[in-house]
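Visitor: Here is what each chain is made of, one letter per residue.
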Amino acid sequence: MSMYPIAIYRVINNNEEPTFSNIPQNFDHLQIRVLSRCPASSVGLVAGFNSNFDAPYFRFNGDATAANYVTHNMYADGATITTNSNIQTVTAAITGVMPVNSLTANAYGISVVDILDYSKTNKFKTIKTIAGSDVNGSGIMTIRSGMWMSTAAISSIFVGGTAAGHAAGSIITIYGITTSNVTGA
Amino acid sequence: MSVSMYPIYTQTLASSAGIVSFNNIPSGFDDLKVIISARNSDTVSARGITFRFNNDVSLSYSSTELNMISGPATVSSSQFLGTNSFINGLIHGGTNYTANSFSNGILDIPNYNGANIKTTLSSGVMENASATDSYMRLVSGIWNNTSPITSIQFLPFGGTSSFVAGSTFTLYGISNKYDTRISNAPIITSITDIAGAASISFAEDDDSNTKNYSVVTNPTTVTNFTSKNTVTATNLNLNTSYTFNVRANNSLGAGISKASASLTTYNNYASIATVSANGNSNTITFSNIPQHYKHLQIRYISRLTASGDQIRLNFNNDTSAEYSQHELTGNGGSPYAGSNVNATNIPIIGFTTGTTHSSNVFGGGIIDIFDYNSTFKHKTTRTTTGYDNNGSGLSSLFSGLWQSFAPVISITLTTQSGNFAGGSHFALYGIGG
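Just so you know, the sequences run in chain order H and S. So the first sequence is numbered by the numbering used here: it starts at 1 and just counts up by one. So the second sequence is numbered by the numbering used here: it starts at 1001 and just counts up by one.
Hints were generated in silico from the structure; no laboratory data involved. There may be inaccurate statements among the hints.
Stated by the list, open to error - Per label pair, the in silico range of CB-to-CB distance:
id, chain 1, residue 1, chain 2, residue 2, range
1, S, Ser1410, H, Thr91, 54 to 62 Å
2, S, Thr1043, H, Thr80, 31 to 39 Å
3, S, Lys1377, H, Thr19, 47 to 55 Å
4, S, Asn1096, H, Thr151, 13 to 21 Å
5, S, Ser1076, H, Gly62, 37 to 45 Å
6, H, Thr91, S, Thr1180, 33 to 41 Å
C-beta: ideal position from N, C-alpha, C; glycine also.
Between the sequences and the hints, there should be enough to build the whole structure, so can you do that?
Guide: Put into structure tokens, the structure is as follows:
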């Protein structure tokens, strides 16, 4: 087995934003799976979509320095393909997508976030997200890239929402992925 | 039913490599996944990471791409239908990118062992701390071949640059079979010194419960994996005593054999294969060349069934214009020097005799191929060759070059004219080190 659950956070009350601390350093990659919904009824455009869709964001090791974060976004809504970016202007890495609370009830967005070599101290941390949200009449499908420009090993991850945190019922799970110690073939 | 994701093999590059390969992929899983964090050596912008299967360089691949290039943001889609010898499915970048930035990519291959055309899905990103040159790629592809996938080769697009040190590639097997217990231990039946490596044969005791097998070497703790009942332990030092353990692995752990008897590695020169001609073919081919030696050597004696005196050579069935050759020849009179560049093979790898030479006179030669499995060197050959016709003759020294980072897995020798006559022999040897 190579994919191990590290921790799970189930949002009980609206607006919660968990921090995963003391992330074990004995894995090689991390995958964070976010099932989430925004508790606000509309949002601004920081998430990179329209006012009906927000996004989770990740802040590593408590680093709130905008100069250390870069993200790029490509998304489709069934009619239009749009691209945008945040280059060292936001104090976190924006990932994924989640619908606002005024859209179809009980509909959540899903974001699968991969961070490779999170504990390596010779690399900046590159983030890849594949995410989507369908609210039975509209939706967003997105692929996002991001980078935390630090060679520090990731020991904590704050998972926020750009507008108002996460709605009750959201679930955020973090997994560690190992590689192999087999060296020849 | 639970699904398990099992790490098979990880490669972390300690130095640049023009190709990264996963060989001897175990057949005991349902799907494969490869996770890649890579960076390129050259100064261009984003460069694709291509992959192919089972060293198939034919135009058997098709793919559909969705790309995003930032700055100004460009979204594009492309399709390649049987026009490439690879799938350009992932992305990475070189020195134009922010220092310490490596790509993030995943390749999924479902049902890799089935009798179906192989489908792939890959996604990758390369980040840059600017509005320009960040890249995202999503690709679906097929390898139009129903053979099980036993190896995967990754190369930077274009074939002229390398993956840099620090790049990591991990192969995972995904199984929908839930392991309930550790496998029984295999039983080692024999060990053989094969020049810089050891071949370990073993009997499986619990194959249906096992995902793959690996061998652990003591000392040095070199670990190799296999899915067969023979495994090769590589990178052994000469004149060193080793013992071996074979492990039957699944997601719960390993059944471990008893330690083998000790083997002291004296052998550094081993016969791989010998081919004898019968006059019916104009080619001699060595294929599936083992990759655990340091160098290769071909020793031959040859005659043609037609006029002519030259033998040609190509590697890995590559007939692109990536070969060159230089020659210094003496015939007892005036020496001769010559060259061929940008050729589709090594035009003269060695001399032979033919029907214009006296009966029963053969030509001979020794061809050395250095560091044949290096992934960061082009391949250099050296040949000493000649023939004596009792009144005339040639004695030559040739150098040759194949401009490829690919390990040599096959060698094809071809006549200048006619076929190789009966009595011709070509022997391939591996040299350890």
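Visitor: Hint by hint, where does the structure go against what was stated? Just the numbers, ascending.
Guide: 6
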